[in-house]
Amino acid sequence: MTTTKSKVVYSPSFTDGAEFHIPTFKLLKQDGSLYKGAKAPDIDKDKALRIYRAMVMTRVLDERMLAAQRQGRLSFYMQCTGEEAAVIGSTAALDDTDMIMAQYREQGSLAYRGYTIDEFMNQLFGNELDYGKGRQMPVHYGSSNLHYMTISSPLATQIPQATGYAYGQKLAGKGECTITYFGEGAASEGDFHAALNMAAVHRVPVIFFCRNNGYAISTPAVEQFAADGVAPRAYGYKMDVIRVDGNDVLAVYEATRLARKMAVEENRPVLVEAMTYRLAAHSSSDDPSGYRSKDEETAWREKDPLLRMQRWMEKHKWWTEDDEKKIQEDLRREVLETMKRAQKRPPPPLESLITDVYDQVPPMLNAQFEKLKAHIRKYPDDYPKSANDPAITAKGGA
Amino acid sequence: MAKMNMLQAINDALDIAMAGNDRVLCFGEDVGIFGGVFRATSNLQQKYGKARCFNTPLVEQGIVGFANGLAAQGSIPVAEIQFADYIFPAFDQIVNESAKFRYRSGSLFDVGGLTIRAPYGGGIAGGLYHSQSPEAYFAHTPGLKIVVPRNPHQAKGLLLASIHDPNPTLFFEPKRLYRASVGEVPEGEYQLPLGEAEVLKEGKDVTVLGWGAQMEVIEKAVEKAEKDGISCEVIDLRTILPWDVETVADSVFKTGRLVVTHEAPLTGGFASEIAATIQERCFLYLESPIARVTGMDTPFPLVLEKEYLPNDLKVYEAIRESIEF
Ligand SMILES: Cc1ncc(C[n+]2csc(CCOP(=O)(O)OP(=O)(O)O)c2C)c(N)n1
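In the order they appear, the protein sequences are chains A and B.
Just so we're aligned: the first sequence equals residues 538 to 935 in my numbering.
Just so we're aligned: the second sequence equals residues 4 to 328 in my numbering.
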């Protein structure tokens with residue numbers, strides 16, 4: 538049975554795909570004042586400070602860690618720079634127990650939820666304290682305590698998983714939802730379309746949050762899709778959608794707050810498209826000068842989301858220049874000190890090679906491990922990272 | 004001859020193929036003006052225009068499905084998958100469609116013009132998702148050709164052969180060697196045969212077999228073994244599917260011993276297939292069990308990558324064990 542309720546016409550009538558335009562919701566101007574008629578969301582001083590602190594921490598961490606990568610201390614890094622308002626503003630509008638399924642550039646969500654600088658560093662350096670046991674590249678964070686699913690590199694795989702996770706939350710009936718972040722590039726993957734369709738059909742409390750930052754590595758959005766961004770796709774799935782200025786933390790917060798309300802109170806998915814800009818390179822391995830202009834970057838730098846929020850807080854007398862100086866200095870110092878500590882910590886134990894593949898290590902994997910240990914005992918100088926590991930030294934030469 | 008690294012050799016092959024036939028197209032994520040994240044397609048858009056070298060939206064199943072359609076139409080698509088780890092969203096299009104177009108239509112249709120390039124392998128601090136060697140998954144699929152070059156000279160000749168071959172071909176490039184492997188590369192068009200292994204070095208005590216980045220590892224291991232007075236025959240398989248059973252079997256008839264190495268996990272890795280076939284063919288000639296030196300039966304790690312990888316020491320040890328059996 539088809540559920541189409543369309544009326545019949547007797548002369549051909551095409552609908553132009555270009556007709557679907559979606560307005561952009563904004564509240565805050567760059568000088569920190571509100572647009573005429575705009576109403577700020579209900580954010581008190583504590584919340585504002587929590588949001589802003591996470592924004593600054595993300596920015597400082599990004600600057601320092603990129604520098605660390607340049608100095609060869611770190612193999613790889615990815616910045617959130619330019620997108621802090623989109624990421625942190627949306628996370629702040631959720632309950633702290635709502636699930637986050639991120640793509641990879643959302644360290645701001647973790648910063649907001651209280652992931653410590655130590656925790657960031659342990660993952661970045663893949664040391665013995667890294668929850669992921671040094672198996673994944675830097676920036677693949679995860680935290681079950683903070684309801685943040687560990688990052689997986691294959692793009693868009695988290696989007697249908699978010700639909701499934703949120704369906705489970707709906708059945709559990711605790712009023713929780715899931716937000717999933719992705720770039721406008723990843724929204725081209727089949728997984729994106731599958732996720733939205735299933736969520737709409739099954740009325741799932743999930744927020745699909747697209748960070749439309751203009752580029753997928755070197756590919757500009759105009760080579761990613763012909764339509765007006767990602768937002769109009771929601772029509773095809775019969776889903777509510779809002780487009781928001783992604784550099785406006787108040788607008789992002791308010792849009793996500795309302796999206797969450799619809800998701801948990803009415804059991805339905807919502808798509809949010811935050812229009813922003815990837816101010817940094819794609820990653821530490823990328824050089825954007827080959828595919829975009831400095832002028833373009835400079836124009837976006839003038840829309841810096843941190844400055845905008847800072848000015849708004851100053852107008853409320855919640856923030857001063859001195860506060861700004863202090864937070865910058867404190868965070869810089871903390872990041873540097875923590876980095877030194879994390880870097881000195883030993884790598885994960887050799888045994889981490891074979892654990893967590895299954896709930897228990899199967900015999901054939903144990904046999905492979907025994908063989909590896911015997912080999913390293915024979916050539917300890919060639920395996921400096923693990924030659925002093927208890928697994929190698931315990932029983933002596935084999 | 005010119006000195007080139009592997010990326011330059013691949014770029015040169017693509018350039019020659021596009022210049023020689025305007026039905027050849029190159030596309031994939033970031034391959035346009037940027038020239039791909041590794042720069043294998045540098046300057047091709049500038050030279051041949053946006054219609055023949057372009058960025059696709061970020062969707063691997065779309066890229067390969069699109070390429071299948073193009074190839075069925077008679078074009079010669081060379082699609083890039085940015086990392087072999089991300090070929091899996093396109094798995095259905097490759098194993099169910101590319102591989103079976105000809106068979107299911109009784110040759111009414113085929114996608115013989117199709118080539119899919121993807122950087123594979125570890126040793127670059129890439130962790131789980133930027134290090135995999137997926138050749139064995141595809142080797143289980145009749146209808147595909149799978150090719151892995153070991154250096155710039157091979158890369159150019161084998162890539163041109165893959166592009167010209169009338170079968171869908173997967174071309175896995177050892178990314179660890181992209182810039183590290185430099186060598187003399189003939190100018191202009193030349194092709195190296197698909198389906199033929201190459202005997203790189205003759206020897207009489209043991210055959211050591213691999214492909215791609217493992218050939219460099221084998222070379223070092225063999226150097227060590229020869230210092231011990233062990234004479235090694237070294238073979239680069241080059242084409243994983245269909246593979247050159249004759250050359251490998253002939254070698255094992257002579258040496259009586261075989262060591263096979265690859266980076267992918269042990270179980271179900273392509274070395275298993277080789278070991279089974281050579282055991283069947285050469286049973287009465289074998290002096291020792293066929294040895295496999297591979298990654299472990301785990302995902303690819305990051306920090307302990309060195310421990311995990313089948314390096315020259317491990318291959319050397321396997322050679323010795325094979326001799327001393
Ligand atoms: C399935 C898959 N294909 C390709 C890649 C390689 N890759 C990593 S990031 C990226 C671009 C992503 O762009 P977008 O989704 O817009 O997010 P942004 O980086 O702009 O935040 C690509 C192609 C991948 N990780 N996974």
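Calculated directly from the structure, the hints in this document are not laboratory data.
Hints may contain errors.
Derived DEER-like restraints, expressed as beta-carbon distance ranges [claimed, not checked]:
1. B/P169 to A/V759: 28 to 38 Å
2. B/E192 to A/P921: 40 to 50 Å
3. A/Y772 to B/F94: 22 to 32 Å
4. B/E190 to A/R607: 53 to 63 Å
5. A/Y668 to B/A279: 34 to 44 Å
6. A/E861 to B/T270: 52 to 62 Å
7. B/G191 to A/P899: 50 to 60 Å
8. A/D579 to B/Q76: 52 to 62 Å
Don't be surprised by glycine CBs; every beta carbon is placed ideally from N, CA and C.
Hint check:
| no. | hint | in the structure |
| --- | --- | --- |
| 1 | B/P169 to A/V759: 28 to 38 Å | holds (36 Å) |
| 2 | B/E192 to A/P921: 40 to 50 Å | holds (47 Å) |
| 3 | A/Y772 to B/F94: 22 to 32 Å | holds (31 Å) |
| 4 | B/E190 to A/R607: 53 to 63 Å | violated (38 Å) |
| 5 | A/Y668 to B/A279: 34 to 44 Å | holds (40 Å) |
| 6 | A/E861 to B/T270: 52 to 62 Å | holds (57 Å) |
| 7 | B/G191 to A/P899: 50 to 60 Å | holds (53 Å) |
| 8 | A/D579 to B/Q76: 52 to 62 Å | holds (58 Å) |
When held up to the earlier numbered hints, the structure conflicts with hint 4 and nothing else.
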